[in-house]
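Model the placement of chain B on the given structure of chain A, informed by the hints.
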Amino acid sequence: MKNRKFIYLRSTLLLSFVLILFSGCDDDTWPLSREVSDEIDFAKFGNNPEVFIDGFSGGLEYLPFEGSKLDAFSVDTEVKYAGTASMRFDIPNFGDPDAELGFAGAIFPDYGGRDLSGYDALTFWAKATKAATINQIGFGSDFGDNVYRDIKDQYLVTKQNLRISTGWTKYIIPIPDPSKLVNESGMFWYAEGPENGDGYTFWIDELKFEKLGTVAQPRPAIFEGEDLEAQAFIGIQGKIPDEGLTQTLNLPSGNNETVLAAPSYFTFSSSNVEVVRVNQLGFLSPVGVGTAEITATLGGVKAKGSALLEVSGGFEFAPVPPARDPATVISIFSDAYANVLVDNYNGFFGGQTTIGGAIEIIEDVENIIVYENLNFVATSFTNPTVDASGMTFLHVDIRTEETIDPGDSIILELIDFGPDSVFGGGDDTGGGITFTSGDLESGAWISLDIPLVNFTNNTGGGLSGFANGAKTNVAQVVFASGTISSIVVDNIYFYTE
Amino acid sequence: MNQKNKLQMKKQLIPPRYMDTNKTTFLIAKCLLLTAVFLVNFSCAVDDTQTVVNFTELTFQDEFDVDGPPDPSKWTFDIGRGPGNDGWGNQELQYYTDREENVTINNGYLIITARSESFQGASYTSARLLTKGVFEQQYGRFEARMRLPYGKGMWPAFWMLGADIDTNPWPGCGEIDIMENKGRTPTIVSGALHGPGYWGGNPEGSNPASKEYELTNDRFDTGFHIFGIEWGPQYINLYVDDVLYKQFNPEDEAVTGPWAFDQGPFFMLLNLAVGGNFDGPPNAETVFPQTMLVDYVRVYEYNEYNVQN
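Those sequence lines, one after another, are chains A and B. Start counting the first sequence at 698; every next residue gets the next number (this note's numbering). Start counting the second sequence at 82; every next residue gets the next number (this note's numbering).
In isolation and in its complexed conformation, chain A is listed as follows:
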């Protein structure tokens, strides 16, 4: 599911579901806190601040990401800011056969572990063959192989979109809370792709941790600094999105620098643990009816942003569809049947106000579609289109998330792209059917089993002819309404009795 980020960033309106994306936390993501025995003898870690000055510092390794251009990194003795060598990174062109996933990226760990708690920033000098923007660069990535910790990338720090120029410039990536880094192995990491399809080269030199003493004025944030309100449901776990966890520090230049900071830098808390519990990784567990505010601190500083969670009970899912012979079902979106390949659950067409799409409620178990600001929206399945000529019904479960007024209606449409299997071309057919207020229910699921021959209305796009058409290249299911803006959809499938 790729909609998560979109949902978080774009829609605080999807209140019911904003936070509720995952569940089934693995044991290794729920580390237990254990009392430390008095007799334990803590290992002492070195505090070498140098990562790469003129060569690999002691213990440093180079581990490129799977699928990246594996040889993107080299040691350059020709181009350097100071000393005898620099780190050179050759970003591939689009389509470079040596870069399976089209990017360059690597981590530089020291699995011996270092105590970096005496420093406040990772600093380096860098330049590039052209002005560019490095997608991600930072430290704290260990591929889960830090032997002193159970949590992968526990103190990951990511500077996103670092602007880099053709002249040597010093960059400062602040440490969100140095006191956490007593046994760090992630010294440096980066990930970067082509710029507008073109590769280029950048160099990094004098890469080291420093105690600048001039990195100050911390302003941590969760939920991107926003105060959210959301509904949550008992038994359905969520997670505070990592993308919204940031630390901002003021640099000696006077400029603010914001980095993504891993959850473990934060101390999360719930105002009512009998309603929602939150653990150290930001996993949220609704356990009782009521409201709870989720807040956080980082290094003793209160983070901007919060979530007020209202828990009214468990989540009511749509009725589970009956077991059917697979030969009698073509499923577009259902957890009960195998689904056909779907392009998207929201095409974001011109003139469309509808936001939302498919959301995973319980990982691998429950998915639903949420639409907000509905005017019209299509779920498209064009690769390939569906031959529904052997089917007789369309099934859809719909829950209207607002009060039903007498004039309310929801229109369903089916679009067939015709023999050419593509939109347009003069061979498309379509048909619609309208459900009025008497058919709908507020806050409860209705299950519709609609004979395909009932899709007789002209569509909003002006198509007709579906009901009596061939139905051999069905490509879209459309939901539209001029009066209702918020619906939840599940179990879209064709079937025959």
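FYI, nobody ran anything at the bench for these hints, they're computed from the structure. Mixed in with the good hints, there may be bad ones.
Take a look, some chain B residues computed to stay more than 12 Å from chain A by CB distance [to be verified]:
(1) Q142
(2) D146
(3) T157
(4) F158
(5) N249
(6) T266
(7) P314
Restraint ranges, calculated between C-beta atoms of paired labels, are given here [stated by the list, open to error]:
(8) A:G987 / B:E366: 35 to 41 Å
(9) A:E747 / B:D146: 18 to 24 Å
(10) B:G170 / A:E775: 53 to 59 Å
Glycine included, C-beta positions come from ideal geometry on N, C-alpha and C.
Just chain B now, kept in the frame of chain A:
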């Protein structure tokens, strides 16, 4: 003043806090150069027979130990946007008030708070305290221990104006900027003198006599620092904490007009301006509210030459 007296005078201006034993070797070499007036005493200070004397007789002191509004027997306020309603001649953006929201004493500190709020036609509020008509003094040691705000557009200042300003208009009255800071440079403060022919905004192109001081591995907005001057006839010394970073005198090449600082008493000002000609306006990155904390303001009497022989 003959050469001997001049040397003696300079000698006793160097308080012990300026001594830096690490520099002794270097400084001895300079000891013979009379022009290196500050350095003379570094080396001489290691001589036990020398006694260095500070200005130590308090004439004004506010430790800000009583919560609430500032002591009216020590401080008055400037209110508004200046007599010309032009941001006090500097295009400053704030409206100065004496409200608790902008100025209060709490927990041992004077707190001046700059806020982003619509008030009396301005977009920001803040406060400016002054001792005009309450405490005025010529010469001596003037110092304040402060923690500064940060962010583009912040313009905190601890400064002085000639008390005759109403009859001898600025810059003729003289201005001594003990400390000014541009909020976008959290490691740098500056001191400056304004007088006839050397003043900010001078269309003839000359500038105030000014000097910057930069902290190493530290900032002015994360802890308290002491900002002060020692002021006597024909000289003004600028210091931060234990570092004397500049002496101005009439011979200084930056003093491009008459010395305006031997003509009577000055009063003090403490303020936090927003925007204006010094650092420009705040930007989207500037965080509000911002606070300037003052731990104390102390003034010591000028004690003549205090020659010890």
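- Supplied distance hint 53 to 59 Å, evaluated on CB atoms of G170 (chain B) and E775 (chain A): Cβ of G170 (chain B) to Cβ of E775 (chain A): about 56 Å, so the range 53 to 59 Å holds.
- Message: Just to be sure I understand the hint, the distance between the Cβ atoms of E747 (chain A) and D146 (chain B) should be within 18 to 24 Å; is that true here?
- Response: violated (48 Å)
- Message: According to the definition I'm using, a residue is off the interface if its beta carbon is farther than 12 Å from all beta carbons of the partner; does T157 (chain B) meet that for chain A?
- Response: At roughly 32 Å from the nearest Cβ of chain A, T157 (chain B) sits farther out than 12 Å, so the non-interface label holds.
- Task: Grab the minimum beta-carbon distance between P314 (chain B) and chain A and tell me whether it stays above 12 Å.
- Result: holds (38 Å)
- Measuring Cβ to Cβ, find out whether N249 (chain B) lies farther than 12 Å from everything in chain A. holds (37 Å)
- Item | Status of D146 (chain B), Cβ more than 12 Å from any chain A Cβ | Label holds. Min Cβ-Cβ 27 Å, cutoff 12 Å.
- Message: Just to be sure I understand the hint, the distance between the Cβ atoms of G987 (chain A) and E366 (chain B) should be within 35 to 41 Å; is that true here?
- Response: holds (39 Å)
- Any Cβ of chain A at or closer than 12 Å to F158 (chain B), or is the non-interface label fine? holds (28 Å)
- Query: So is T266 (chain B) really clear of chain A, every C-beta pair being over 12 Å apart?
  - Reply: At roughly 6 Å from the nearest Cβ of chain A, T266 (chain B) sits no farther out than 12 Å, so the non-interface label is violated.
- Query: Once the closest CB in chain A is found, is it more than 12 Å from Q142 (chain B)?
  - Reply: At roughly 30 Å from the nearest Cβ of chain A, Q142 (chain B) sits farther out than 12 Å, so the non-interface label holds.
Consistency note: the structure conflicts with the earlier hints numbered 6, 9.
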